[in-house]
Every structure is written in C-alpha cells, then in structure tokens.
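Listed here are the chains, written in short residue letters.
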Amino acid sequence: MGFSTDAIHAGQEPERATGALITPIFMTTTYAQEELGINKGYEYGRRDNLTRAALEKNIAVLENGKYGIAFSSGLAAISAVIHLVKAGEHVIVTDNVYGGTYRLFEKIMTGFNLQFSWVDVSSLENVSSAIKENTRMVYIETPSNPTLNITDIRSTAELCKKNNLICAVDNTFMSPYFQKPLNMNADIVVHSSTKYLNGHSDVIGGIVITNDKDTNKKLKFIQNAVGAVPSPFDCWLTLRSTKTLALRMKQHNENAVQIADFLKNQNYVKHVYYPGLKSHPGYELAKKQMTGFGGIISVDFGEEETARRFIKKCKIFTLAESLGGVESLMSHPATMSHASVPPERREKMGITNSLIRLSVGIEDIEDLLGDIDQAVQ
Amino acid sequence: MKKNDESKSIKIDETKYSMDTQIIYGKNISKKWDYSHHVTAPISSSTTFRLDSVERGAQGFQQFANTEQFGESSPIFIYDRLGEPNKDLLEENLAYVEKGEMALTFATGMGAISAVLGVLTSAGDEIICHNTLYGCTISLFDNWYPKYNIKVHYIDLTDTENIRELVNENTRVIYFESPANPNLDIIDIKSVAKLVAGLNSGREVNRKISVVIDNTFSTPFCQRPIELGADFVVHSLTKGIGGFGTDMGGAVIGKKKYKDLLLLYRKDFGAVLNPKSAWGILTYGLPSLSLRQRQQTNTAMRIADYLSGHPKVEYVNYPGLKSYKFYDIAKTQMIDFDGNFAPGSMIYFSLKGKTPAECKENGRKFMDYIAGSVYTMTLAVSLGHTRTLIEHPASMTHSVVPPEQLKDRGLDPGGVRLSIGLENPDDLLMDLEEALQNINS
Ligand SMILES: Cc1ncc(COP(=O)(O)O)c(C=O)c1O
Ligand SMILES: Cc1ncc(COP(=O)(O)O)c(C=O)c1O
Chain B
1 MGFSTDAIHA
11 GQEPERATGA
21 LITPIFMTTT
31 YAQEELGINK
41 GYEYGRRDNL
51 TRAALEKNIA
61 VLENGKYGIA
71 FSSGLAAISA
81 VIHLVKAGEH
91 VIVTDNVYGG
101 TYRLFEKIMT
111 GFNLQFSWVD
121 VSSLENVSSA
131 IKENTRMVYI
141 ETPSNPTLNI
151 TDIRSTAELC
161 KKNNLICAVD
171 NTFMSPYFQK
181 PLNMNADIVV
191 HSSTKYLNGH
201 SDVIGGIVIT
211 NDKDTNKKLK
221 FIQNAVGAVP
231 SPFDCWLTLR
241 STKTLALRMK
251 QHNENAVQIA
261 DFLKNQNYVK
271 HVYYPGLKSH
281 PGYELAKKQM
291 TGFGGIISVD
301 FGEEETARRF
311 IKKCKIFTLA
321 ESLGGVESLM
331 SHPATMSHAS
341 VPPERREKMG
351 ITNSLIRLSV
361 GIEDIEDLLG
371 DIDQAVQ
Chain V
378 MKKNDESKSI
388 KIDETKYSMD
398 TQIIYGKNIS
408 KKWDYSHHVT
418 APISSSTTFR
428 LDSVERGAQG
438 FQQFANTEQF
448 GESSPIFIYD
458 RLGEPNKDLL
468 EENLAYVEKG
478 EMALTFATGM
488 GAISAVLGVL
498 TSAGDEIICH
508 NTLYGCTISL
518 FDNWYPKYNI
528 KVHYIDLTDT
538 ENIRELVNEN
548 TRVIYFESPA
558 NPNLDIIDIK
568 SVAKLVAGLN
578 SGREVNRKIS
588 VVIDNTFSTP
598 FCQRPIELGA
608 DFVVHSLTKG
618 IGGFGTDMGG
628 AVIGKKKYKD
638 LLLLYRKDFG
648 AVLNPKSAWG
658 ILTYGLPSLS
668 LRQRQQTNTA
678 MRIADYLSGH
688 PKVEYVNYPG
698 LKSYKFYDIA
708 KTQMIDFDGN
718 FAPGSMIYFS
728 LKGKTPAECK
738 ENGRKFMDYI
748 AGSVYTMTLA
758 VSLGHTRTLI
768 EHPASMTHSV
778 VPPEQLKDRG
788 LDPGGVRLSI
798 GLENPDDLLM
808 DLEEALQNIN
818 S
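If you read the sequences in order, they're chains B and V. The first sequence lines up with residues 1 to 377 when you count with my numbering. The second sequence lines up with residues 378 to 818 when you count with my numbering.
Be careful, since some hints might not be right.
Unchecked claim - DSBU-like, lysine-lysine: derived pairs with alpha carbons at most 35 Å apart:
no.	chain 1	residue 1	chain 2	residue 2
1	B	K270	B	K162
2	V	K653	V	K699
3	B	K40	V	K528
4	B	K250	V	K653
5	V	K571	V	K528
6	B	K220	V	K653
7	V	K699	B	K66
8	B	K57	V	K653
If you are wondering where the hints come from, they were derived from the structure by calculation, not from laboratory data. As the structure is a prediction and not an experimental result, all values here were calculated from the model.
With the hints as extra help, turn the sequences into a complete structure.
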C-alpha cells in the first residue's frame, strides 16, 4: 500500500463491537477478568491499551516495521532503547546528537556503568575505530540536530551487522515519510512523536519500531516494567495526526526548500545548514537515503547581535523549543536545546551563539518569506 | 486464552441495588455493546460507523427511532447524530437514576427543554408554566414560541389550584422548576400531577396534558419528580449531574413511548451531546453525584443558617430553613436516595437596605468584593460546580427579563444566587463574613 493509504488504514480497522470507523479512546486502567487465569488478552492499562496498540501498529507499518512500542515521550523511547545495553557495555553515539539524548546518556546512564564514545559518525572510519570489545550499539541521528549532518545509514548498519552491534536510528527529523531506516537494515528506529508524527504541538510522545521479534519482546517488557506509557488520549490524537503526515511533510519540505534557497543568497547570513542545498556536504547522500529534505533549517548569522534581532523581530516564526509542528518555530540551540552540551563541544559542533534553528511550518510560503525579510531589514 | 462471549453478568437484576451503586455500574454490561471487558467504557470518537452491507445499512435506518417496533437490544450504529455507545450508556444510567423508563441526552439543557416541548406541542397549543423560570427558558417562551403560535401562560404554581383558571382544551404542558431558578420557589409536584391526572381523565390521548419538570436545581439525588407523578424530567447536565463544570449537556427523561419522537427530533434539530462529554458525565459526573450532592447540601444548610442569622441579610430562601415559607412542602418531596430530607445546594438571598435600590447596591458591592478579593467564591453563572459560584440573576442569568417585569417573574432586583461547591464550609463562612463586613450598610 502507498504511504498515505497505510497512514489512514493501518492498525485502524473499524471497532468490532459497534463498527466505529475511528478507533475509540479506550479509557480504562484495568480489564474485567472472566475467571482466574482467563481473560481476553488484556489485563492492565500499563501493559496493554487498545488505542495505544492501534497507534503502535500504524506507525510500525509506516516505518515498514513489524513492531511498534509507544512511550510517553521521545526521551522515554530513547531510554527504553538504551536499556537494551547492560552495565559494562559500550555505545557509540553521533557526536551531535539531540541535547536531551546527550544528557540522558552522559549524565544518567554513565552512572549505571554504561560507556559512551561521542563520534562524528558521518565518517565510517571513525565508527570503525571506536568499536571496542564491549561495544553493543551504535546510536545515530540523521539528519542531526541542529546542523543537519547526514550519516550513511546503510553502511553504518552494515558495519554493525559485521560486528554484531545494534544499529539504532533517531528518525525524528525526517519521519518515515522521507526516510525509512529499517529499509536500510537499521535494527531500531526511535521517534520523538512530539515532532512531525503528531505534528500539531499538542502531544508529547515517543515510539520505537523494530523488525526483530526478540528486540520487540525486550522493549515490550521494558515498556511495562519501567512504565513510561502514553495516555490513550495522546495515542488517539497522534493517530489523528499520522493521517495527514504525508500532506504535512510535503508542505514542510516545499516551504523549507524555498526558504533555504532564499537565505543562502542573503549577505547577512554567514551559513545555511540544509541538506537540500547543493553546498551541503551531505547533499548527495541525503538524496540517496531520503526522499525529501525535511523542514528544519539552521542559519548562522555570523553575529550574535543579528541573530538576536532576527528573533525579536519575527512575527510568524515563534521563539520556542520543539519542532515539527504545523506552525513555524525558531530556536536558539546554544541556550535552548543544546544548553546542556559543554561550550567547547558546542563550538566544535557548529552551535555558535549566532545560530538559529528554524522549524518551517506549513503556513503560506509568501508569508514566511515576508516574515524573514522584514525581520532582517 | 478462552474467549467468553456469554457474559454471565447480563442476567443481573441491577434494580435490587441501591442507587449509589447503580449509578456507578449502570449497564456497562449489555448485549448492546461489548464493553463488559473494560472497567471504564472507551470514549467513542467516530462520527460514522462501518456497515457490513447495504442491506444492513437499510435495516439500520429502518430501525432507527423505531424502538416500539424493533426494540432496542442491538442498535445498528450509523452516524453519531443518530446515536453512538457513550450517549446510550449515559442515557441508561440517567433513566435509572431519575426512575424514568427512558432518557435521551442533548447538547445542552436548552437543547433538552426545547426538544421535549417540541414533541409535546404544535401550533395552537398552550403551555402553563410557573412565574419564575431560568432566564433562557423564559427567552425561549417569549422570543420564539409566539412565532410558532404556541401560547405560554405564566402563573403562580405554588398554588396548584391556579391551573384550573387557565387550563383549556389546548393546554398540553404544565412546565416548572422546583426549586425554581433563582428564587427557589417550591411547587408541590404530587399535587400538580394529581390535578392534571384529573383533568386528563376525560381527554383523548393526543390532547392529554403532560407535566414537565426541570429538575436541574435538585439533581436526582435530592428529588425524583417521576416518582411523584411527573411525566417528564429535563436536566441541564452542565450543572450538578456533570458536576465538575467541564462539559455542557442536557437530558429528557420520561415514558418510553416518547423515545422515538425525541430521537427523530434530536436527529433533525441536531442538538446531540458530544460523546466525549457524555463519557465524562458517565465516568465521573454521575458516579460521584451522591458524594458531591450530599456534601454540598450539608454545607448549604450551614451557610443558609449563617446567612439567615446575619444582621446585614434581609432574607434567605433555602428549602432547608424552617423559616422558609415552602419548608413544609420541600420536606415532603426533596428526599435523597436513602430517604433523608435533601434541600439541595442552591441559596437565594438579599442584603438589607433602606430602599430597594440600596438593597441592590449592597448586593453589587458584596458580589464585587467577592469577585475581587475572595479565594473560595467565584462570580460566575452556572451552578452545581465543584467551586462555589455566586451571581446576580437580575443582571446575568435572567437579564432577558426587563426591569419592569422582574416582579412578575418573582425576581428581586437585589437578589443574590449562591451555588455551593465542595470547599470546606468553614472557609466559605470565613470568606462570606469578610465580604459582608466590607459592605457598610
Ligand atoms: C531528534 C530528537 N530526538 C528526541 C527528542 C526528544 O523527544 P521528547 O521531547 O519527545 O522527549 C527530540 C526533542 O526535541 C529530538 O529533537
Ligand atoms: C434550571 C436550569 N435549566 C436549564 C438550564 C440550561 O442549561 P444549559 O445551559 O445546559 O443549556 C439552566 C442553566 O443555567 C438552568 O439553571
């Protein structure tokens, strides 16, 4: 089936009892059991919920995966993934991973004796040489946040297979509409569904997708044992959202391409990071493994003063954390999403004080360009 | 895993249980929907329903609003406006709790009131109602019914015999609230029902008079008019039954034989209750009704006592006060599920002043002080909320009544309406005292 057909139908057969076309919000914490040991396969709301199950199936299909395991936030999903690694084991991570992932791994998981190497994974040799005896997982994010570095998923996954490592990919920025890591042999895909999957800035959520039966079993166990599950209402809202994922992604992409094109020619801009620009070092690879370039653009204005003025004067772009919603947002990574990254590391990653990340929404492009234009006048 | 289709619980006779219990369980267990497995019902959230075949679709439309012929054991759901499970679940429980044969929900209380009167009357018919009613009901009667050529007579129903003076062969409905909004007039329900039964004895079926009562102020916890002989009860579920102030809703409860007409009316006029609102009322409104109403009634009794002894208060209307002129009749008909006197959570009072204008001005100062400086009371319309709400009917809920007609509608220009919430009564008393201190009369 085509992507939009799956988005609208997968996991969402009409409800059996009534024929209701849209999955009900199954608001129950517990299920009546018929006799000791006899039930309908559902026992308790933390372990099973029918609305959640519909969402898990839906997004799994969109990622071309067999299993979906939903969580209460993107970070809860990421923390479930990292729970697959045991004390004493080692993980190789993209050095410009999302700041919250960095904080989770470095500030919390190291306390449980997990080891991390922060590596520029856009070069496969760097990954190769970081592999140690106890390495268990390679964790990548592509395009990365906020400078949109592209990592070759297929060759990283191949390297992982050879070395018997788990290859996990955070696919939040592209959504399955533009990139399907499982098709390129990754083992695990994670999402902050807060972003494009839900897309309306009204639900915090996360999901993990895999094709591996054993990994699914472990993740389901973690989901229930750790307990960071999403509410049925949030699952229902996210299901509403995935139906328009294709439409939204197309528009995010179209708008972002035009804005990146516009910005790259302005003399007040020092650098534009966008994988759809030919000047971007990952352009060719992006074209190979993604079917679009997405809605995130980072702009370095060269001077902090210009960046601050831009933020102050924008009327449609709102200064706010997060991304992937229908409305255009901008953020200042150095003081916001990546504030927990030490300054030296930030500098190395290109996260200067004059860098602004734009999450381009689906407003009319004329209005967005007009907003940018008036903000820099 | 063994699947158990024959839910053994279907045979349970729920009527042998107390009402507190029944409103928690209702008929979640039914052949109509298989939610027996879910301890809390799912929120139905589909505008439309899949039909297996054209034939089944046709069957669904044929059976809709034809419960007399087809029964209602297994409805074919078609489209939300026609019916869906959350509303049906709520309607069953509302029918139990009001001791009616059936209940039908509507988008709002006004949706319910206009629907029941819509099916009971035609052009040329007449309604006799009590002088004092909720403002929008007055507006419905005064602004719209002339257009449909339905005549409405306002009379003092606290004396039941007054009906005889106005009743004629076109009379179709006796309509009132008891306690009335906002002045808490009490009407003897049994006596109205008895008088109407007498008038009906010689009438043809389609010319009979129905007694319709808006029971919003009492909630079924405090009073069940159908047991006292009323034909229909209407509710604003927005109020005490919903109880948390989160959702609008309305209901008509009454005889089964009117269900089909009401279903058709609801379908065509369109005031359907949102399933998400129905779910809330079903899941936390009704099950906590007894707890809330009991607590609110106890608090209201204390507050009414306090106010009636306060030197700055002119009078207090509260059915639980021995000094109230309708105390005796209230005591016979406002009875909770366990048989105790339950005078409700609404209080109406006026502050003292040398002239009516000064009474009103003192009331305004008092309410403005509360609006600006007090923690436990909120100046807002609506009632039956977790929070104590205070308002000035003459300028808010009943502003439809022109000043020169206030007296006819039983309204005091300075009257203050208080809807007691779930706060600690000591805190309410403290804040009331502070607010009363701050008016210098
Ligand atoms: C790429 C990426 N992964 C994960 C997360 C964390 O997701 P959440 O905020 O839903 O926990 C974010 C949030 O900004 C993100 O941008
Ligand atoms: C006694 C009474 N009946 C009916 C209504 C109307 O209900 P709704 O606002 O739900 O339409 C109200 C509202 O205040 C009321 O107080």
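These are the hints, each one checked on the structure:
no.: 1; hint: B/K270 to B/K162; result: violated (41 Å)
no.: 2; hint: V/K653 to V/K699; result: violated (42 Å)
no.: 3; hint: B/K40 to V/K528; result: violated (58 Å)
no.: 4; hint: B/K250 to V/K653; result: holds (32 Å)
no.: 5; hint: V/K571 to V/K528; result: holds (23 Å)
no.: 6; hint: B/K220 to V/K653; result: holds (30 Å)
no.: 7; hint: V/K699 to B/K66; result: violated (72 Å)
no.: 8; hint: B/K57 to V/K653; result: holds (24 Å)
In summary, the structure is inconsistent with hints 1, 2, 3, 7 from the numbered list given earlier, while agreeing with the others.
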